[in-house]
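Put the complex together from the two separate chains, hints included.
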Amino acid sequence: MLTLMIVAPLVGALILTLAGRRLGERLTGVIACLSVAVAAGCAFVAFFSRLLPAAPDAEGVRRVTERLGTWFSVGSFSADFGLVLDPLSGVMALFITGVGLLIHVFATGYMHGDAGYARFFAALNLFVAAMLTLVLADNLLLLFVGWEGVGVCSYLLIGHYFTRDEAADAARKAFVYNRIGDAGLVLATLALFTQAGSVSFAAIARWAAQQPVEALGWAAVGAGGLTTVGLLLLLGVAGKSAQIPLFVWLPDAMAGPTPVSALIHAATMVTAGVYLLVRLNVVFLRAPTALMVVAVVGAATALMAATIALGQDDIKKVLAYSTVSQLGLMVMACGAGAFTAGLFHVTTHAFFKALLFLGAGSVIHALHEEQHLRRMGGLRQFMPVTYWTMTAGWLAIAGFPLFAGFFSKDEILLETFTSAVLPGGLAKALWAVGLLTSFLTALYMTRLMALTFHGEPREAVAHVQPHESPPVMTAPLVALALLSVLGGALGLPEAFGQHPWMREFLTPLVAAPSEFAREAASHALELALMGVSTVVALAGLAAGWLFFTRRPLWEAPRVWQAKYWVDEAYEAAIARPLRLLAERGLWLGLDVSILDGLVGGVGRSLAGLGATLRDMQSGYARGYVVMIFIAALLILSYFVFGQG
Amino acid sequence: MMLSNVFFAAEPAQLFFGPIGLLSLVTWLPLVGGLIVLLFDKRRADLIKQFATVWMTVCFLVSLPLVVLWNYDVRGLQFMETADWIPAIGAKYQLGVDGLALTLVMLTTFLGPIVALCSWNYIEKRQKEYYALLLIMQSFMIGVFAAVDLFLFYVFFEVMLVPMYLLIGIWGGERRLYSAIKFFVYTLVGSLLMLVAVFKFYFTAAETVAKYPTEVKAAVEVIVGNNAPMRGLVLEGVELARRAGVAYAARAGGGSDDDAAPLGTFNIYALQAIGSARDAQGRALIPLSLQVWLFAGFALALAIKVPMVPFHTWLPDAHVEAPTAGSAILAGILLKIGTYGFVRFNFPMFPDASMHPTVASVMATLAIVGIVYGSMVALAQKDMKKTIAYSSVAHMGTTMLSLFAFNPNGINGAALQMLSHGVTSAALFILIGILYERRHTRLIADFGGVVNTMPAFSAMFMIATLASVGLPLLNGFVGEFIGLRGVFEANIVWAFWGTTGIILGAAYMLWLYERVFLGAVKNPKNADLPDLSAREWAYLTPLVAAMILFGVYPKPLVTFLNATTEVVVRQMRPNYFGSTTKAGEEQAAVSPATSDTAARD
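Read top to bottom, the protein sequences are chains E and R.
When we follow my numbering, the leftmost residue of the first sequence carries the number 1, and every step to the right adds one.
When we follow my numbering, the leftmost residue of the second sequence carries the number 1, and every step to the right adds one.
Each statement offered as a hint is correct.
Far from chain R by the CB rule (all over 10 Å, computed), these chain E residues:
no., residue
1, G377
2, A432
3, A569
Incomplete in silico selection of chain E near chain R, CB under 8 Å:
no., residue
4, E148
5, V152
6, F162
7, D165
8, T194
9, L581
10, L586
11, D591
12, L595
A partial selection of chain R residues facing chain E, derived with a Cβ cut-off under 7 Å:
no., residue
13, P310
14, T313
15, M376
16, V377
17, A380
18, L471
19, T499
20, I503
21, L518
No lab work stands behind these hints: they were computed from the structure.
Built from N, CA and C at the ideal position, the CB exists for glycine as well.
Okay, chain R solo, but in the shape it has when bound (with noise of 0.2 Å):
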């Protein structure tokens, strides 16, 4: 494959401040507010709350240079950052955004200050603490996003499960702690099991490519592209993994035991170009069976992050028992390192294994079972949180079936709606808390005509509702759209079951809505609830902004996005974009009938 544009070296985004990368700034900034709160007397709440959301407003405006800085003719990572850090498993703290974590982490910052300023009523006890741990909560979520390094990763996303066990163990309701734990243990079995697969794979990998150098340098190319920071950066891993391979070899043939300590890569570049490396007949390096074996043990993590049928029983209860803010970083964030990590590990690390028709077929299934069961069980419910929480469970099928199409539409699809999912189901649960802390109830049939009491309330509510249920011109309607598409492209039986998402999704949304807003007022409680507040609409306003902004005009989040998926799609389906055309061009060069011939080859 020749991608011509390798030949027009870019310079991707850079910004440092000495030492320090714009991108670890964002990264670390919100965990020195949190160390700082907890230097605030703890009387202070009025003080410490106001710090909280100020910081956390600074940490999004600092966030936003990495979007104004981007450098749009660069592919792959950009605000690349490097040090050793364990040098004893070769871990590296490396740091860096291509098109689709650098959403992801603005959708993080975005989101950070709104659900700080939304707790100021809802969290009465414990404050201090509270802020604490939402500030440091929000630096290991966007580390997830930020790590280049796969054991990075691993340590963010484990390390971030404490603060979420604790914002829902202290503060949450009734049942908190029978749901922290279970959220808690859910996640972990999931993720000890990725560990495992990801050692395994580390040595593999190792293995690898000291038997095939040449073919995982020509597979670096199609990650890196015109990226010449990155391609450094992607060999020097690769290079660390091949001599971790011959020494492995060389100590597996007899020879001296005594050299240094051999090295591999977490680089999850180097890995995935390891992963995707195909050999001169067009065959994987790693044999097939193994692949399905490191699959399946990334994709339980995943998918009980996601969270798929039949790995969703945790979801509900973490939602419900979740103070506001919990369950809108929950929603908001948390599914999404599921799905993002089938993208950035599963499918281009192993995709023989990802595009097996068994696997496939069983990872589709689980969608649409998701979307289905997902959509109906949300119709069964009384209490709000859950009827959402359930609806969370339907959306990300969707998601997961767009992903499983394995092509540009469908990746793009899917990467859309988590952006669009992370700000609606947000902006749905924190909807939700505003009329918690009024009535202290969630149950769907302690309300009814709160529209007459709380018009603007319930305008804004509707807007949401209409942007869950993914109406045109709000946000939610062409990441569905858009992944529909790949997914009839791949499979038209799986598309006619997508979109059975929406007619079930019209039907919990607008039937919840009906029960809550409409009718007459029965319940005297319901009387006099006061309308939105000031400090209420101003983390209402940038929430419903969002979803019409990116209903009328997604393009710049298509900008990010298509960068990474087709570099995703390349190294899973060589012949995809076909074997001559040049890398963007092939939307004006081959017809939707050709491409759709290349996709069957």
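Looking at chain E on its own, in the form it has when it is part of the complex (with noise of 0.2 Å):
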């Protein structure tokens, strides 16, 4: 069953490039939302019949495998194709395959007409079958598998529309900051195998368990042990979860079609590293200088991030730092030690963020493909649907109480603040961090939507009769605003007397944070701080309304419009002298002037001792077989008689 749920997505995929242009849209939207229906149907019931019902084995986690077989297996090291759903990967499968089947039928209505339709959905369904490799794997080189498949896919799908140069440079821009990520990750992959002897999780964690915390500090990080697996790690983390100092092939990757960003980069992909974190918790644990800077960079990422959303005008950069920003949170909250705060981010995240992509993506739809946000406004009127079900993404993502967000953020912000694995006065900072981010988070989306659907239609809307998109778009769109309202029941907080469901799900599995000697943080505590962000979420949403619905609108400092010149600063300091050394310098200077010019000189030489340079020019190849053979028979003699 759990194959079946890769194969049906992989057979789709097949069928559709194969057949391609050949079906009509009609069957390809048909047999692409069929096949991640099938993966779906094939999650849920294997979550719910075969998974829950499971009993715990020995070490007290439930499992349901199926092991297909070894993929290689050379001296000591193998790598099987071998499955696994337990409660971790069982909540991903559950939120890729279901909101993954919204985004097919959504976009089976958004592609009308496009020339690609056929290629882009076999692309969108091989992303299903690799994402769902990279989540059920059971070990570290089959998630390797769907980690790269996810990261093709992505190139292929963000470089759609590939007559564009942009979307075509975003797309290997993409692959190659992935690939530096990937080049750590093999690392930590090759050092988990060399001390811990496998390469499945179970085996990792069940070694890790058995070691020693590793002491704090910079001593670590070069001593090849679990904190330096840990930040090599934390390098693929970046890589594929768009973090500091990886994170800017995101942004550029909103380039593709916009359901591709919705289920790509912003719901599935991109919490990959994030589920990583949490997959390898137990390792991180042993290695508090490791987790001590995952907490930074993801916090620093971040409120980086959610400056920068606020000083962006096309609708769908804004999404796409926001999005960065909060992959930040959930990675801070991963480094806190709050894994399953980070992993219920992720998946409300799904939620909102999937759905205030596609919102957006039925805006773009509607105004004709424009993204540009000072060119809406007013749009309420004539999109009622998009506008109710993006309000409830928007309050989901700011945190407005007892929406979706509203818990998650508030667990990750009360682990962070109670947080045993981090030096307290860090764990402070961090958490106010966390809340500045809160705020910016509210203050940007109010800006958005504000812009977007309040105020005078301006000139885009004017131009256009804009109308409210299909039904097979705005279906999608009202069952995820649901999700994002009701999606905060997964973990309701033990301050309301309630047993938060998922902690307690994934418990083995992902140590729980009071394991860790967290501080039993009191109902009271709990409950003042959720306070604190409710009134900062709110005076966010408040402040946000004030500025962003005044005339002339508040422009946002100039560093922040300018995305603190990172792209530059890469570009200036990396890319550009490479490219220079490798042209100037290693290729025209080195190369060819004098590696080249040295074997001329030497073959010059050569031959005009033997004056034979008209010969060899000739091109008598029999000139050369007889010269062999002289050499040849020389050197013969030389050792036979010369021995005696």
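Shown next, in the form of structure tokens:
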């Protein structure tokens, strides 16, 4: 059944690739959606009828496994095609197939009339298969298969409009930046295998659980132990989940069609890095220095991206930086040891960010590919379903009380504040950063909503007659809106007298913070912190409303609009010097002039010795054969006769 | 060292047709075809093409029984043949393949029909000579891998240069003569030094075995295991060398000079046994200083073939000027002879020199420089073929780095990389050839937006590109990963540098792809390029199928390679697997942690 979950979209992708344009739009859409529907069906059935009733194994974890055979086995190293459905991969598989199906349905409407319709859905189906491979893999190497697979699908889909140069550039940029992370992941895999003797997650976890917690401090970084492993993994996470310093590919990836941005660059693929952190939580908990770096990188990314989002005028760019920022919060949570909180936010974020992207797609569709916020406005009256569903997403991401994002973000902030794995002062500081990010989130999302839907219709709206999108597009919006409102039920806080379902479900596969002697946060503290973050969120919403419904529009500082010039800095400090070095220095300088010249010189002088230059250029191979044999004979005779 | 499977003798596969063994047939059949082509009327070019392609296909089919009949339970050589050849020096016509050689022979026969078929339109002049040379070349390349006699190997190794030289020199591009001569002289210089080393080793081996016959016989056991016919073959060589050694000693001692001329041996495995034999104290029999010189003599010739930086400058020129089939053969097979030689000769024959810290660091450093330098220079190229040529420098750098890890993972990984790079780089050169036939240019700047007009071709190129950058489930990944695993075990810093190839490889390949295939069609000349023809599909499909098949299911290759690799590691590092574990069981019995410890002592 787990295998079928992956095979179904794979078959869909194969059919669409081979039959391609002959199928027609309708049949293509049906095949694409059906294959994901089968995967979703498998995921739900496997989850509810196999995983939930399953008895916990010796380690107290419920697991459903399927093993297809050995991929390769060389010497002491072996990797299996082995799948495992456990609480962690179960939650991931559910929302990947569920949200994936909704986005597929939406895309059948959104991509209508596109010349590459079949190609688009083939890649999208392939992506679902790769993403499921990533989460269901029971070992690091098969995870890497999915990891690279989603990378390739992302490349293909960002480059869907390949005739546009910026799409082609963005696709390559995404892949190359990811590859930098992949190098870290490969090294981490090698290091883990060398120490743990296996790449299987279960074995790694068993082994890591017996290791001592490494000391906090920079000495551990280069020691080759778990701290080193953790930091190498972080490089992989930074690539896939768009963290500092590798985040710059994600905003550019918005050159892909909007459903792609929703599925790959918001809900699923970019959370793979967070998934990896959660999956290997036992490793990270033994490496406090690595955790600290993870938390700081996450917090810095969250804050930086949130400020940039405030300065962007492209609706998809705002959402892209928002995604980077939210991913930062998830990474920060993992760094604080709050892995379940991180995964909780992954899930709720999948709902509301997919919703926001699809809503933005609906708007862009209605405005004939217009993405500039300042040319929109007043769309509320033309697109009521889009407006109201997006409102649900807006409130969810802003942390409006009782919406999905409220609970998940709140848990992150609480767990960060009370983190036992981070030094106390740092934990409080990161909490403050998270709080500031929440404020900024409410602010830029309000800006987005106000500029898009409220106020007077501006030029882009006035030129076209915007109308609501067809039901095939609005139905997924409604479904995602419901999830964004109710998704918080997955992890109601203890302070409400509830048992947070997700945390309990994931224990002991994912270490609950309490295991690590978390300060027993009293319910009073929990409620107080919740109060603070509620006030901050409401303040952000209110401030946003006051700021961005006024004219003239408030201008964000230039440094935010220019995205801190990070791209430009990379270009000037790394890319350009490398290109120059490669072309002028290494190729034309060293290779052609020096190395080749040297050889040419040696060759000429040798040739000159025998004055055979002209003969050589005559090009007769006979001459060379004769030369070989003469030389061989001379040498031979030296050895044979010179022995005595 | 006790190898208990010695006692379960197993028969290596054999197949004879009268006096001619299967391996001889596989080796010489292409040459026969080449000679037949010479009988054709040169005006009937179509018939010649068809005949050559069919003949190549037949040669491939004839080579398949090598795999089908293979006995997986036996160590070392199978399909052995032996006959006297040059009695005066003891050189024999001896053929045979072990797992590594078998896979490389199969790679060669697999690429044969493909390179013939891809030349149909590309070659417009002197077709008769072209296809004759292609077929003759094929025989020599197979011979290189099938030879069990070092002298026979050397003859194939040298004589192979001639058809390649002519392929570049006659059917190449504008600077074909310059490139051909450069290629020829470069490789010639290296191989002459190798010849000196071969003869020096030939005499040294004889003297050594005369002094230490018992130790050498123990070393033979490591090589032959349960392979009784191979034991006979190798011991015969050892005995010849021993007699020669005794005769030298007698002569030096002023004894009778009127003996029959003393014969030595060129049997590669006898020489391996002598080189890898150790005395009771575990010391190699040949002094280190001499080993280093011999190592250097072989290594230079092989490093030029690989090619390792800084001996690589013949490669870009040869690739760019060679016709498509020439580039595919160069990248697909010829470069592999270099790495094959290290595994076959340098490692087992001069183990102490190979593993000497200075030598190993120099080689690993050159390999790393090759990875970074090759990738960077590939990034700067304006010609598609040159990009792929320099990418070969980088890929072969990774292969060399993996080899110099001196452990099973490293050497297995390197061997897998040789095979996968053989398929992938050949495919990339052939794909570029398809584009060249349509546009008569290879400059990247002349293209852009090709995917609009040639979608199927672009998809094929994409798969080859992804295979080249080492995407999992395509053929490049497993070798690269296993190789890096071996390197990581040997030296973490090397492994770190090895991973730079992962990043830079994606950078130059995808940038190439973007500039050639993506974007809008800007040059009107690219506006109506025809997509793949049926003939093009016919030779691209097997290549792409191989990339996918061996990416998803590399097990058959690993099975073939592992046996060879294990023997090589045992020859170099007698204690690597521990002294009591049985062959093949160490993966279950020894956890990596313990084998790592064993590796360090």
